[in-house]
Amino acid sequence: MSKCSNKVILMVLVVLSYFHGANADPLETFKPSKALPHFSLQDQHARPFGLAQLHGHWSLMFMGFTSCPDVCPVTMMKLEAVRAELGLRLPPERLPNIVFIAVDPQRDRPVLEGYLAYFHPENIGITGDLKQLDILVDGLDGFYRIDKPRSGDGHYDVIHTASIAVINPRGELAAKISPPFYVEPIANFLTQIIRQADPL
Amino acid sequence: MKAYFGGFLCCLIVVLALAGNNMEARAESLAPMVAAVDARQPQLPEVVAVRSVYLTIVNSSASSLKIVAVRSPAFESIEIHRTQVSDGLVSMSAVTAVAVPAQGRVLFSPEGLHLMALGPKKYYVIGERYPMTVYFENDQVLLVEVLVVAPNFVAQDCTYCAPEREAVHVHESLQHHE
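Protein sequence lines correspond, in order, to chains V and C.
Counted from 1, the first sequence has number 185 at position 182 by the numbering used here; the numbering is strictly sequential.
Counted from 1, the second sequence has number 1246 at position 178 by the numbering used here; the numbering is strictly sequential.
Misleading hints may appear alongside valid ones.
Unchecked claim - Here are some chain V residues pointing at chain C (derived, C-beta under 8 Å):
no., residue
1, THR69
2, LEU89
3, HIS123
4, GLU125
5, TYR159
Claimed, not checked - Covered, in the sense of this in silico footprint (three residues per stretch, anywhere, with C-beta under 8 Å from a C-beta of chain C), are these stretches of chain V:
no., stretch
6, 38-50
7, 79-88
8, 106-118
FYI, nobody ran anything at the bench for these hints, they're computed from the structure.
For glycine and all other residues, C-beta sits at the position ideal for the given N, C-alpha and C.
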């Protein structure tokens, strides 16, 4: 085989590997968007929060629990950084809400208001009955599992979906962002899909 | 950025001693073989009873070490944990011991190996410091001072995001001991 042929094969492999990598992109758009089921939860101020509260604006939803010392606060701060970056690119009405789905209601409900206020007054935290949480989590193609409390201090872990769900103003799952979370690429991704979407 | 590094290096403590002995006297002879760099605790809301502590342990000695426990008078208990993301799920698991290779280091950082501190005895505000002790196998201890930082300090600082930054810290740490 000639050197020229080898180069062509090499280039094809490089291009194929590029597109293979693109398929594994942590920034995934759903076309068409996926409708979410009706659910009935409460926000951190004990006000009802359901599908209707997702209508009319973009939302970034992620699962977590307030007793999580590492990933949850870090994700919260990264989303704050993303929203700050989006603030330079998008009009205020198109900036997404940040919605923390607290999947450990026993420990989360009493502290959710103070927890959310610490990070940003506009952040939303929702929790409620496990059956209603399950409806929302299933609709987001998510998962969580509350471990059994250990003897002694009663501490327990909660395993949950790591990704961030992007909800469009029609209350549909429009995209998914998987870790690792890098602020700049996420801001670029969201800017693109929000600008391409229909006006509010 | 330099100010940021400098502030964190203020919490650099380098005391290796044998437990139960006169630690200051021992430190003079044994330091600076092991160092804790950039020990920090992002502050969380007071209503939450857990915190994470992040730091780098640098072992400049010719022998490997094993971290077996961490304690602080500021908390009821401190556990070594590892955050894992697998099949799209995030979970934490306890780690019983951590090896620090000779002439090497171990990074405790956001979204990776970290210290989970349970039951804070006081609400430290940002900028305050508290003591923490890292226990190694063979009864060796490392005294560390942890700086309480704003939570957004870790937003751009994760296990896979900042290898350059980590390298700079370690470099400065080693220079400090020369």
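Now for the hints, and whether the structure bears them out:
no.	hint	result
1	THR69	6 Å, holds
2	LEU89	15 Å, violated
3	HIS123	10 Å, violated
4	GLU125	16 Å, violated
5	TYR159	11 Å, violated
6	38-50	violated (count 0)
7	79-88	holds (count 5)
8	106-118	holds (count 4)
In this structure, the hints that do not hold are numbers 2, 3, 4, 5, 6, in rising order.
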